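Trainee: From first to last, the protein sequence lines stand for chains A and B. If you read the first sequence in the numbering used here, its first letter stands for residue 494, the second for the next number, and so on. If you read the second sequence in the numbering used here, its first letter stands for residue 417, the second for the next number, and so on.
It is possible that part of the hints are untrue.
Estimated spans, in silico, between C-beta atoms of each pair [to be verified]: (1) Asp477(B) - Ala652(A): 45 to 51 angstroms; (2) Val492(B) - Val711(A): 55 to 61 angstroms; (3) Asp733(A) - Glu511(B): 25 to 31 angstroms.
What the simulated footprint calls covered on chain A by chain B, stretch by stretch (three residues with Cβ under 8 angstroms from a Cβ of chain B suffice, anywhere in the stretch; the number is not a length) [what the hints assert, rightly or not]: (4) 712-721; (5) 729-739.
Examples of chain B residues lying across from chain A (beta carbon under 10 angstroms, computed) [unchecked claim]: (6) Thr435; (7) Arg439; (8) Pro440; (9) Gly450; (10) Asn466; (11) His467; (12) Asp477.
Calculated directly from the structure, the hints in this document are not laboratory data. Bear in mind the structure is a predicted one, so any value in this text is a computation, not a measurement. Backbone N, C-alpha and C fix where the C-beta goes; we use that ideal spot for every residue, glycine too.
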Amino acid sequence: MGLDKSPWLILGTSFQCRGVPPEAKTDLDALLAGFPRRDPGEAEVVELRVEQVSGSTFLTVGGSRWDLTGTTDPLSSHLEYRLIDEAIRRARGRWVLHAGAVETPGGTCLVIGESGAGKTSLTLWLWTSGLRLGTDDLCPISQGALAPEVFPRALHMDAEYSMRLVEKMPPRPAGYPQDYYPFPGGLEGEDAAPLPPVSRLIVLQRDSRPPRPETEAVPLSQSEAAHHLLGAAIRTPGFDFGRALEDMVRLASGCRAWRLSASTPEGAGERAVELLSSL
Amino acid sequence: MDSLEVKPDRDASPGPGSTFSLRPGVRLEPLGDGSAVLYSQELDVSLSLNHTAALLCSFADGQHTLAMVVQEMSQVFPDDDIEESALVACLRDLEAGHFLQWD
Numbered sequence: 494m495g496l497d498k499s500p501w502l503i504l505g506t507s508f509q510c511r512g513v514p515p516e517a518k519t520d521l522d523a524l525l526a527g528f529p530r531r532d533p534g535e536a537e538v539v540e541l542r543v544e545q546v547s548g549s550t551f552l553t554v555g556g557s558r559w560d561l562t563g564t565t566d567p568l569s570s571h572l573e574y575r576l577i578d579e580a581i582r583r584a585r586g587r588w589v590l591h592a593g594a595v596e597t598p599g600g601t602c603l604v605i606g607e608s609g610a611g612k613t614s615l616t617l618w619l620w621t622s623g624l625r626l627g628t629d630d631l632c633p634i635s636q637g638a639l640a641p642e643v644f645p646r647a648l649h650m651d652a653e654y655s656m657r658l659v660e661k662m663p664p665r666p667a668g669y670p671q672d673y674y675p676f677p678g679g680l681e682g683e684d685a686a687p688l689p690p691v692s693r694l695i696v697l698q699r700d701s702r703p704p705r706p707e708t709e710a711v712p713l714s715q716s717e718a719a720h721h722l723l724g725a726a727i728r729t730p731g732f733d734f735g736r737a738l739e740d741m742v743r744l745a746s747g748c749r750a751w752r753l754s755a756s757t758p759e760g761a762g763e764r765a766v767e768l769l770s771s772l
Numbered sequence: 417m418d419s420l421e422v423k424p425d426r427d428a429s430p431g432p433g434s435t436f437s438l439r440p441g442v443r444l445e446p447l448g449d450g451s452a453v454l455y456s457q458e459l460d461v462s463l464s465l466n467h468t469a470a471l472l473c474s475f476a477d478g479q480h481t482l483a484m485v486v487q488e489m490s491q492v493f494p495d496d497d498i499e500e501s502a503l504v505a506c507l508r509d510l511e512a513g514h515f516l517q518w519d
């Protein structure tokens with residue numbers, strides 16, 4: 494499928510890619526496979542253009558230009574990152590939270606925490622424990638209606654993950670871009686079912702010291718949950734603070750929330766599974 | 417600072433007749449469980465308040481004096497000894513966080 498043809502539709506913005514070299518095109522196709530492709534119709538189309546001039550590579554999108562010469566990551570990885578970043582910048586009518594999300598029998602559970610706390614690990618642990626994955630990293634939530642959305646970005650697994658987690662994951666398809674893992678599902682077909690309303694929130698706290706007990710889940714007040722949700726909302730241009738506050742307060746009001754600390758990713762995963770299945 | 421509770425201690429220079437209010441651009445959002453969120457639009461910072469601190473902030477209207485607040489909180493928490501110095505310490509923390517001002 495040619496990237497120069499149907500644009501990718503990401504968070505309501507259509508992206509047309511031009512000038513992408515064939516090898517990067519194949520990888521980018523794989524990384525964005527979960528997102529729908531649409532004829533733009535009347536909608537605004539944002540162009541992402543790659544130019545290779547005298548051994549240098551330049552990337553232009555949304556009025557910004559980057560010189561990728563000498564970078565070590567594959568071009569497809571840069572393109573995917575910039576597309577998603579630009580889509581978030583342009584997202585209208587949605588909050589985008591730095592959060593993982595899984596569907597539980599009682600509703601959607603968000604996983605938030607500071608960078609490096611282990612959100613992705615925990616979210617993937619929950620997925621490999623049988624819960625449907627909504628996103629491992631970025632969760633769009635409609636403003637007002639507060640409906641969480643599946644965000645089928647390829648899973649970026651460039652860090653060290655627990656061997657037990659890796660063993661639980663299905664095998665990676667041969668030839669799939671290095672450091673990535675295909676998102677299980679997408680926004681079309683059978684996988685397109687919307688996520689249920691958010692009803693659970695886990696705030697993951699990084700803790701290198703063994704806590705007593707080894708894992709600890711402390712219930713949070715609604716204001717603590719709202720505070721953490723507000724902190725997880727990405728500040729995009731035109732971010733309406735007052736509206737975000739109102740929406741995060743409403744979201745928190747409908748949630749049961751915990752602060753989860755654990756000395757190991759496996760401990761966090763097992764405790765989270767226990768918490769979510771006891772409800 | 418991302419959460420606040422009323423605790424005893426700390427010197428207090430505001431007196432029983434002092435009043436206080438939220439700084440311009442600061443919003444207090446009460447939640448159903450009695451806690452509340454304070455949010456400063458200017459600083460893009462939020463603060464989680466437990467139910468005691470939330471109640472205290474509900475008096476940040478420039479009208480209630482500290483003496484009135486002590487009296488009203490004593491009625492809400494009849495089993496607790498509400499100390500003015502503890503309230504002032506909490507208000508001072510909020511002042512330091514640019515959420516509140518003395519009138």
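Trainee: Against this structure, judge whether each hint is valid.
Mentor: Results for each hint:
Separated by about 49 angstroms at the C-beta atoms, aspartate 477(B) and alanine 652(A) satisfy the suggested range of 45 to 51 angstroms. Between valine 492(B) and valine 711(A) the beta carbons are some 25 angstroms apart, a value that contradicts the proposed interval 55 to 61 angstroms. Distance hint check: the CB atoms of aspartate 733(A) and glutamate 511(B) are about 27 angstroms apart, consistent with the given range 25 to 31 angstroms. With a cut-off of 8 angstroms between beta carbons, the stretch 712-721 of chain A has 6 residues touching chain B; three or more are needed, and the interface restraint holds.
Counting residues of the stretch 729-739 of chain A whose beta carbon lies closer than 8 angstroms to any beta carbon of chain B gives 4, which reaches the threshold of three, so the coverage claim holds. For threonine 435(B), the interface hint is violated, the least distance from its beta-carbon to any beta-carbon of chain A being 24 angstroms, above 10 angstroms. The restraint placing arginine 439(B) at the interface with chain A is violated, with a minimum CB-CB distance near 15 angstroms, outside the 10 angstroms limit. The beta carbon of proline 440(B) is not positioned within 10 angstroms of any beta carbon in chain A (closest approach about 13 angstroms), and the interface hint is therefore violated.
Annotation: glycine 450(B) was flagged as interfacial toward chain A, and the flag holds, the nearest CB pair being 8 angstroms apart, inside 10 angstroms. The restraint placing asparagine 466(B) at the interface with chain A holds, with a minimum CB-CB distance near 7 angstroms, inside the 10 angstroms limit. The beta carbon of histidine 467(B) is positioned within 10 angstroms of a beta carbon in chain A (closest approach about 8 angstroms), and the interface hint is therefore held. Because the smallest distance between the Cβ of aspartate 477(B) and any Cβ of chain A comes to about 20 angstroms, over 10 angstroms, the interface hint for this residue is violated.
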